[in-house]
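Just so you know, the sequences run in chain order A and B. Using this note's numbering, the letters of the first sequence correspond one by one to residues 1 to 407. Using this note's numbering, the letters of the second sequence correspond one by one to residues 1 to 407.
Don't read these hints as lab results, they were simulated from the structure. Backbone N, C-alpha and C fix where the C-beta goes; we use that ideal spot for every residue, glycine too. A couple of the hints might just be wrong.
Listed next, the in silico DSS-like pairs over lysine-lysine satisfying Cα-Cα at most 27 Å (straight line) [to be verified]: (1) B:Lys249 with A:Lys42; (2) A:Lys42 with B:Lys290; (3) B:Lys290 with B:Lys403; (4) B:Lys42 with A:Lys276; (5) B:Lys42 with A:Lys290.
Just so you have them, the derived chain A footprint on chain B, three or more residues with Cβ under 8 Å [stated by the list, open to error]: (6) 69 to 79; (7) 101 to 107; (8) 255 to 264; (9) 271 to 285; (10) 326 to 337; (11) 359 to 370; (12) 389 to 397.
Anything over 12 Å on all C-beta distances counts as not near chain A; from chain B, calculated [unchecked claim]: (13) Asn83; (14) Ala86; (15) Met149; (16) Arg152; (17) Glu163; (18) Lys321.
Protein chains: 2
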Amino acid sequence: MRDVAIIGAGMIPFGRRDEDTLMDMLAYASMKALDDVGLGDKSVDAVYVANMGGGMLQHQSAIASSLVDRLSLMPAAAETIENGPASGASAVKTGLLAVASGYYNYVLVVGGEKMREVTGWRATDVVATMTHPQAEYPYGITLPGMAGMFTRLYMEKYGVTREQLLAVSLKNQEMGTLNPYAHVEMALDRAGIFDLPEAVVNNPVSADPLHLYDLCPVSDGAAAVVICPLEMAKAGKGGQKSSEHANSKTPVLIAGFGQATDTQTLQERDDPTDLKAVTLAAQHAFEMAKLKPADIDVAELHDAFTILEIAESEHVGFFKKGEGGKAAVAGKTRLGGQIPINLSGGLKARGHPVGATGVAQVVDIVWQLRHELPKTRQVQKARHGLTVNFGGFGNNVLAFVLKRVEL
Amino acid sequence: MRDVAIIGAGMIPFGRRDEDTLMDMLAYASMKALDDVGLGDKSVDAVYVANMGGGMLQHQSAIASSLVDRLSLMPAAAETIENGPASGASAVKTGLLAVASGYYNYVLVVGGEKMREVTGWRATDVVATMTHPQAEYPYGITLPGMAGMFTRLYMEKYGVTREQLLAVSLKNQEMGTLNPYAHVEMALDRAGIFDLPEAVVNNPVSADPLHLYDLCPVSDGAAAVVICPLEMAKAGKGGQKSSEHANSKTPVLIAGFGQATDTQTLQERDDPTDLKAVTLAAQHAFEMAKLKPADIDVAELHDAFTILEIAESEHVGFFKKGEGGKAAVAGKTRLGGQIPINLSGGLKARGHPVGATGVAQVVDIVWQLRHELPKTRQVQKARHGLTVNFGGFGNNVLAFVLKRVEL
Chain A
1 MRDVAIIGAG
11 MIPFGRRDED
21 TLMDMLAYAS
31 MKALDDVGLG
41 DKSVDAVYVA
51 NMGGGMLQHQ
61 SAIASSLVDR
71 LSLMPAAAET
81 IENGPASGAS
91 AVKTGLLAVA
101 SGYYNYVLVV
111 GGEKMREVTG
121 WRATDVVATM
131 THPQAEYPYG
141 ITLPGMAGMF
151 TRLYMEKYGV
161 TREQLLAVSL
171 KNQEMGTLNP
181 YAHVEMALDR
191 AGIFDLPEAV
201 VNNPVSADPL
211 HLYDLCPVSD
221 GAAAVVICPL
231 EMAKAGKGGQ
241 KSSEHANSKT
251 PVLIAGFGQA
261 TDTQTLQERD
271 DPTDLKAVTL
281 AAQHAFEMAK
291 LKPADIDVAE
301 LHDAFTILEI
311 AESEHVGFFK
321 KGEGGKAAVA
331 GKTRLGGQIP
341 INLSGGLKAR
351 GHPVGATGVA
361 QVVDIVWQLR
371 HELPKTRQVQ
381 KARHGLTVNF
391 GGFGNNVLAF
401 VLKRVEL
Chain B
1 MRDVAIIGAG
11 MIPFGRRDED
21 TLMDMLAYAS
31 MKALDDVGLG
41 DKSVDAVYVA
51 NMGGGMLQHQ
61 SAIASSLVDR
71 LSLMPAAAET
81 IENGPASGAS
91 AVKTGLLAVA
101 SGYYNYVLVV
111 GGEKMREVTG
121 WRATDVVATM
131 THPQAEYPYG
141 ITLPGMAGMF
151 TRLYMEKYGV
161 TREQLLAVSL
171 KNQEMGTLNP
181 YAHVEMALDR
191 AGIFDLPEAV
201 VNNPVSADPL
211 HLYDLCPVSD
221 GAAAVVICPL
231 EMAKAGKGGQ
241 KSSEHANSKT
251 PVLIAGFGQA
261 TDTQTLQERD
271 DPTDLKAVTL
281 AAQHAFEMAK
291 LKPADIDVAE
301 LHDAFTILEI
311 AESEHVGFFK
321 KGEGGKAAVA
331 GKTRLGGQIP
341 INLSGGLKAR
351 GHPVGATGVA
361 QVVDIVWQLR
371 HELPKTRQVQ
381 KARHGLTVNF
391 GGFGNNVLAF
401 VLKRVEL
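Looking at chain A on its own, in the form it has when it is part of the complex:
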């Protein structure tokens, strides 16, 4: 495998973007990533688009081909990659392997989703289409419902408390106020949340024991990266068919990648609290990168529900089982702590436009490793980052270890 680096990254603000179509958002994010690297459009060999709901929500298919036309990247190859909430990481992975193979040099990976054009239960229903078609969906289970049951089991087995869940929520919503790309820009009032009568009013139960502020919002958004062989990234110029790229930014190596699947239904797992696919995906990514959890300076974990940030922080090896919640309360996952997690605000506050999320996680880590963020959310001298993108309810998980390339 050739080493592959990320040379461009871009994102548009997540949230409610009624004025933009899905194609608009994909195009805007793509242009930001292409502009970031100063790459002429005729240099793009292939485009991978991460999207889950285009057919169901926009009644549109073959959006990757449409995007290539919109961006005038013809005759670049194009495919759409779908893997539920992990579609974004799956598209980055597909680009990684395509460049690593030697067949392509410059690849654009963009993820996006427009979810706000349906309201209330319909968005929840679209997300629920990733559940088991016979054993789950017909019975009305939703992703928040699964997360509620998972949380209850995790509380019983490891003593996780509501306070620990809220510590994640408070941190991530606070970070959202510092991230101009975040959907949720409202800090939670710690006193208000912990004052019980207020909590009942302000933080109602969504899927017991999860409350409103334990869940990510339904968002529109898109994010994109440009990747190429590390050697070309270092040289700062294109291969035989490419013009030079500006390369003013520090390249970020995709040092490790791991992926694993698990049973689709929770009840078929020996221990439903054991997220085997998270453990395996992270292990494989660390092995490939020849790094260990303690080497990571900053992480973006898939906190669609607060419990997931806690559980993933344990399963990837940052904390022992049962210690992740305590670590959150103790501030160990905040900026300046042992391992800062979701300084972007995470899915909780940046939002979770399904196809965009896995790409957005990578974009935020790229910004961290380039030392480009304002100091309120920049990990000083960050060298190594981790992303975890969680598909289904942990039945298809992808992890990347990213590494700053010192030139």
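Given the structure of chain A, go ahead and fit chain B onto it with the hints provided.
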């Protein structure tokens, strides 16, 4: 790039499969391909599923993860690849590059679509979701409508006749009667078709100048292949994490791959009869394989409409522009002719379950190159095959050159 070979191939009969779900069909085809190679299920590193309409037609997403569970292939990686009618070839390409990169050894690629659960115009509408979301879809254009306009232009420019179109239809429906996997098993009565009053009765206009028998049917179906590094295919045994595979069948090398995109709308092309993406995709595939059109012994072209078989046979270089239709009438594209095309019956008779088609084309060529077919449709001593999978209306086209590996 490592050389990559196809070591297993399987298909289920296309047609109306009311008794099967989409997941059933994907699982059946996968098992046929896995059985074909005698590969233990724990040896599969990754699964790529080609599907376009799962969200729109089955209200289901993340089907690749679901399939991995259904087949007990965990923790194998999984993604769904979508590229309209070229989704199948795009999934094969994704698998090819993933194995070529060195990251994976054994990869299962399966394509499937269940289209018959909607009736009449709804299937046409689902396919029309691949048209331009502003410039085409809202005006009611459909794929048959585009094909009709394209046919008229092609007739005017190159003198293609209705007789030439019918020659393709007659050949492919006749081949369908010889292929147990084909949806359409009815041979057309040559006399009846060319007898004008009968033709009006039996072959009504669909999208002038295209008639009913110029169009592929709406089908259910699935097809699958298993690929691995050529060296492992030759050795007949797995790598470090694999059990031995039986390898009783002749491996087929993916010798060449090419892909190109074009404008999404026909009217933006300098010459709407010029299928630039077909020409480029085939050229790239031939260059990579170090072969030329005259070296090809058998081809599967994307005849969703009869005009496309004629146009593609010219654009890939089998015939000069304007000669493809005459060649069809002269029998040059029949078994025993200069270049036998669509001996499977093609999309016209095998059917066109969208996500399955590109994989099915590859499966049929694999069978040809292994010399496994009954002599009524086997090209004797076939060594090289070509597939062309045509996405949108020629705005994303993929071609493979496949080569029999003599052991």
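Hint-by-hint comparison with the structure:
Among the hinted pairs, B:Lys249 with A:Lys42 is inconsistent with the structure: their alpha-carbon atoms are about 42 Å apart, more than 27 Å. Proposed proximity of A:Lys42 and B:Lys290 is supported: the alpha carbons are some 25 Å apart, at most 27 Å. As the CA atoms of B:Lys290 and B:Lys403 are separated by approximately 11 Å, the hinted pair is consistent with the 27 Å bound. The suggested pairing of B:Lys42 with A:Lys276 holds, with an alpha-carbon distance near 16 Å, which does not exceed 27 Å.
About 25 Å separates the Cα atoms of B:Lys42 and A:Lys290, which keeps this hinted pair within 27 Å; it holds. Coverage of the stretch 69 to 79 of chain B by chain A holds. Counting CB-CB distances below 8 Å, 8 residues qualify, and the rule asks for three or more. Here the stretch 101 to 107 of chain B counts 4 residues with a CB under 8 Å from a CB of chain A, which clears the bar of 3, and the coverage holds. For the stretch 255 to 264 of chain B, the stated coverage by chain A holds: 7 residues have a C-beta nearer than 8 Å to a C-beta of that chain, and at least 3 were required.
Interface restraint, the stretch 271 to 285 of chain B with chain A: holds (3 residues with C-beta to C-beta distance below 8 Å; minimum three). Only residues whose beta carbon comes within less than 8 Å of a beta carbon in chain A count, and the stretch 326 to 337 of chain B has 0; fewer than three means the coverage is violated. Using a Cβ-Cβ cut-off of 8 Å, 0 residues of the stretch 359 to 370 of chain B lie near chain A, which falls short of the minimum of three, so the contact claim is violated. With 4 residues having a beta carbon nearer than 8 Å to a beta carbon of chain A, the stretch 389 to 397 of chain B meets the requirement of three or more and the stated coverage holds.
The beta carbon of B:Asn83 sits about 5 Å from the closest Cβ of chain A, which is not more than 12 Å, so the claim that it is off the interface is violated. Interface exclusion of B:Ala86 from chain A breaks down, the closest Cβ pair being 8 Å apart, not more than 12 Å. Even its closest Cβ contact with chain A, about 19 Å, leaves B:Met149 beyond 12 Å, as expected for a residue assigned away from the interface. Separation of B:Arg152 from chain A is adequate, the least Cβ-Cβ distance of about 24 Å exceeding the 12 Å criterion.
Every Cβ of chain A is farther than 12 Å from the Cβ of B:Glu163; the closest lies at roughly 33 Å, confirming the non-interface assignment. The claim that B:Lys321 lies off the interface holds: its Cβ sits roughly 20 Å from the closest Cβ of chain A, which is beyond the 12 Å cut-off.
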